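Q: So you can see what is in the structure, the chains are spelled out below.
There are 2 protein chains.
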Amino acid sequence: MTTYDLVILGGGPGGFDAAIEAAGSGLRTALVEAAELGGTCLNRGCIPTKLWLGATEAVDELAAQAKMRVATGDIHIDFPALQSRKDKYIAATRKAMGLRLAALGVDLVAGLGRITGPGSVEVQTSEGTKTLGCRNLLVATGSRPGSFPGLTPDGAKVLDSTGLLALAEMPGSLIVVGGGFIGLEMAQAAHRMGAKITLVDALPRLAGAEDPEVSKTLESVFKRQGWDLRLGVKVASVKTRGEHAVLTLEGGEEVVADCALIAVGRKPNTADLGLEALGVTLTGAGYIQTDAQLQAAPNVYAVGDVNGRMLLAHAASHQAHYVVERLLGHISGPYDSGPVPSILYGAPEVFRAGLMAPVAQDGAKAQGAAVLVSRAQLIANPIAQAHAATAGFVKCVWREGKIAGITAVGAGVSRLACFATQIIQLGWTREDAEAFMFPHPTLDESLKAALLADKEAV
Amino acid sequence: MTTYDLVILGGGPGGFDAAIEAAGSGLRTALVEAAELGGTCLNRGCIPTKLWLGATEAVDELAAQAKMRVATGDIHIDFPALQSRKDKYIAATRKAMGLRLAALGVDLVAGLGRITGPGSVEVQTSEGTKTLGCRNLLVATGSRPGSFPGLTPDGAKVLDSTGLLALAEMPGSLIVVGGGFIGLEMAQAAHRMGAKITLVDALPRLAGAEDPEVSKTLESVFKRQGWDLRLGVKVASVKTRGEHAVLTLEGGEEVVADCALIAVGRKPNTADLGLEALGVTLTGAGYIQTDAQLQAAPNVYAVGDVNGRMLLAHAASHQAHYVVERLLGHISGPYDSGPVPSILYGAPEVFRAGLMAPVAQDGAKAQGAAVLVSRAQLIANPIAQAHAATAGFVKCVWREGKIAGITAVGAGVSRLACFATQIIQLGWTREDAEAFMFPHPTLDESLKAALLADKEAV
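Chains as they are written, first to last, in this note's numbering: chain A, 1 to 458; chain B, 459 to 916.
Among these hints, one or two may not hold up.
[What the hints assert, rightly or not] Using 27 Å as the maximum straight-line C-alpha spacing, the simulated DSSO-like pairs for lysine-lysine come out as follows:
(1) B:553 with A:67
(2) B:546 with B:588
(3) A:95 with B:860
(4) A:67 with A:95
(5) A:88 with B:525
(6) A:455 with B:553
(7) B:546 with A:67
(8) A:216 with A:234
(9) B:525 with B:546
(10) A:216 with A:455
(11) A:223 with A:196
(12) A:67 with A:216
(13) A:88 with A:67
(14) B:674 with B:692
(15) A:239 with A:196
(16) B:725 with B:697
(17) B:525 with A:95
(18) B:588 with B:553
[What the hints assert, rightly or not] Okay, the calculated beta carbon distance ranges per label pair:
(19) A:243 with B:531: 49 to 57 Å
(20) A:87 with B:789: 53 to 61 Å
(21) A:99 with B:630: 24 to 32 Å
(22) B:889 with A:88: 47 to 55 Å
(23) B:525 with A:358: 52 to 60 Å
(24) B:566 with A:455: 23 to 31 Å
(25) B:605 with A:88: 28 to 36 Å
(26) A:220 with B:667: 55 to 63 Å
[Stated by the list, open to error] Which stretches of chain A does chain B cover? Using the computed rule of at least three CB atoms under 8 Å from a CB of chain B, they are:
(27) 75 to 89
(28) 371 to 377
Derived by calculation from the structure, the hints in this document are not laboratory data. Please read all numbers here as calculations on a predicted model, not as lab measurements. Cβ atoms here follow ideal geometry from the backbone N, Cα and C, with glycine treated the same way.
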């Protein structure tokens, strides 16, 4: 039995990045992966969705100009060709990841890992059971699509995100259950490829985790594109009936489409890992509870979706970096994520980092601190005008004279992400914004305008 | 005669921003503008060019996907409709600027201003000559297209940038003399609207002020698009001959096209201002010499193109802010631009701020300091892959372990501008880059990859 400095369960963004950094720093490292390197993000999540959205962006750009009567034309997406390009890209990336692990001397163990006790992991590989000893264990097993009773993908016409991304043919009409980021990105890509969209959510607004004004902008844009939005309605069931997917609302109304996507959140991959053998605590939803050092038990860490802190690939990578730095003795304090940027792609895009106005307001009420907001509309920005995509805004949240949060919605606002995250981290004041040389003309100047706008109570 | 705290000559980005800030802070302010509010940038430069590029972006997006055989289709730009949209947008923006000046109590004086002595400006208005007294004078008269003997726009088929932007019909073929940013942006927009491009420059490479590797990338992309690039060649003349523009090279070879654009740099608007009355010094090329406080003479400041420091709209605005802050007594030290971001729009885009590698190398040799570079290719980035636009790179210049300059070329790299400028200003180390949470997947991760790549000697 080989004993490793670090055994990692899961080869997604968190696990892979930890393996590369640990091995690169001289730690003897094993990576256990039951399916494919790259995890959900590469194989069934962020990356294939972005390939769909990137390939179809011209459709939206053209539509915006056509609406201004500046352009005419039409664009046809060859969906099988796009799927083949996507699959090839993902396979090539997986291969490159494997080569990188090998070059750094990481032992990649293909199979389902199971903890048998402190310092010991058993893996069911195709060549039989392997036992790995470990001084430290990192659980980075991620999450999978969630479902509710009556809302269970059946693999026929009712699919989860994994199923939709694997389709051979784009359906002519699509029911999307769930107006969160996954549902919205996939619905946009499908719409650009010609699918008629019906989107249903039990919440009364799209992107329910975001600022309500963001929801309003999204709803108005998608309605104008002809989506059938049904918000604040309860779904009784979604089922395959012959060649169609049939959505039945609680009132009995039926919606029929070629296909349905269930995108109602995700659940952690914590079953069957043997976590009980280590005394790890799971939350009600099944996430691994971690302390301020991201530890779930002595010498056992959990990063990424599986700890439920923030279901974002870059959050997993950031946590992984912390854990490896800690194992190397480079840092000892608690984990600090700083402001975490999140992005919805498509047109419009949504970006957020730091405090969100309604949340800040609640917190402020509790703390008695003054929270103010300032904002700018994209319609005043020349680049938004150039792209004829002027719906949206940038909103800044201020606390004690310093910037504490930024939210934006509109075409291209993801370009603000790094800079906005950084200035929240720096706690910029109005004077900092005045002194900075924003390049002109840029969409970024909408952030400048928001930073310099009059502040109002939330 | 009214005496103002500040009289400003020129209503472009520098002059307008200075007027708004000065009047907003209580200074009695007059703005003298001989032509249109907004200056070159709004009326004949950055903004109309970006409206052309924004309106035509779908053409390039589609072409990239078509090359991958993922999409087919065609797009027709209605050029008269685009011109009309552009003209309306510019007129509306000018109107809004005028209203803003009025609301703040700025006296807008329409006419050519001429300095008659310290503290006195005469303006030839449509209602006769007005005399303005001033405690402080700000010269922000900008620049105009330059020309050389044999390369003089004739207003028929040989045009400068102003003439090209005013065309009623997009020519089927276009000769562009000058491979700088103005020539490249206009050539790209024209190409997307169907014009066959011949681009000529006396320099052996495109974008001659940029990193030579940037030039190489641009040349390879534009050649693949079918441009006829003639670099390192000397032009004898460009003339209108009947319905065509005829370019004659020094060897005698002729190139004929429907139209020719002369984009061989710009020259400052310093003639006929009466600057000699104040003892202001002009450089050889006619720019106003300014000291470390942007002063050209006691109580006389010059900002923007006219001082020749940096011919960029945002540099003018940044300098204007400094001057007003100084007049208000808020600051007293010398002007510090910090790293100045510059952007070429189109596809690819170019971004640069801070030290450039070859320049840094020269400087380093002189100073004996170690300058290193690190880089990442866009082809490794999933967003670049999604847009099938993978030509390009991000390059970091390091000095004494801190980031001192960033250059990038490729589709969408302008999104790095603010963030890159900021981290140069902060003097990020490798550890700062490791600790920052870059959102995934983003084109911004190409900057992360470049920051974390191995450093090499220049």
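Q: Is residue 725 of chain B within 27 Å of residue 697 of chain B, Cα to Cα?
A: OK: residue 725 of chain B and residue 697 of chain B at ~21 Å, within 27 Å.
Q: Need the status of pair residue 239 of chain A, residue 196 of chain A: alpha-carbon distance at most 27 Å?
A: Judged against 27 Å, a Cα distance of about 18 Å means the pair holds.
Q: Cβ-Cβ distance between residue 99 of chain A and residue 630 of chain B: within 24 to 32 Å?
A: For residue 99 of chain A and residue 630 of chain B the Cβ distance comes to about 49 Å; the hint is violated.
Q: Going straight from one Cα to the other, do residue 88 of chain A and residue 67 of chain A come out at no more than 27 Å?
A: Not satisfied, since the Cα-Cα distance of roughly 35 Å exceeds 27 Å.
Q: Just to be careful, I want the Cα atoms of residue 216 of chain A and residue 455 of chain A compared with a cutoff of 27 Å; is the pair within it?
A: 21 Å, holds
Q: With the threshold set at 27 Å, check whether the alpha-carbon distance from residue 216 of chain A to residue 234 of chain A stays at or below it.
A: 20 Å, holds
Q: Given the hinted pair residue 67 of chain A and residue 95 of chain A, is their Cα-Cα distance within 27 Å?
A: It is violated: about 43 Å lies between the C-alpha atoms, which goes past 27 Å.
Q: Does residue 455 of chain A pair with residue 553 of chain B here, judged by a C-alpha cut-off of 27 Å?
A: The given pair, whose Cα atoms are some 26 Å apart, holds under the 27 Å limit.
Q: Tell me if the straight-line CA distance from residue 67 of chain A to residue 216 of chain A falls inside 27 Å.
A: 21 Å, holds
Q: Next pair to validate is residue 546 of chain B with residue 67 of chain A; report whether the Cα-Cα distance is within 27 Å.
A: 16 Å, holds
Q: Given the hint that residue 674 of chain B pairs with residue 692 of chain B, does the C-alpha gap stay at or below 27 Å?
A: Distance of about 20 Å is within 27 Å: holds.
Q: Is the distance from the Cβ of residue 566 of chain B to the Cβ of residue 455 of chain A consistent with 23 to 31 Å?
A: 29 Å, holds
Hints 2, 3, 4, 9, 13, 19, 21, 22, 23, 25, 26, 28 from the earlier list are contradicted by this structure; the remaining hints agree with it.
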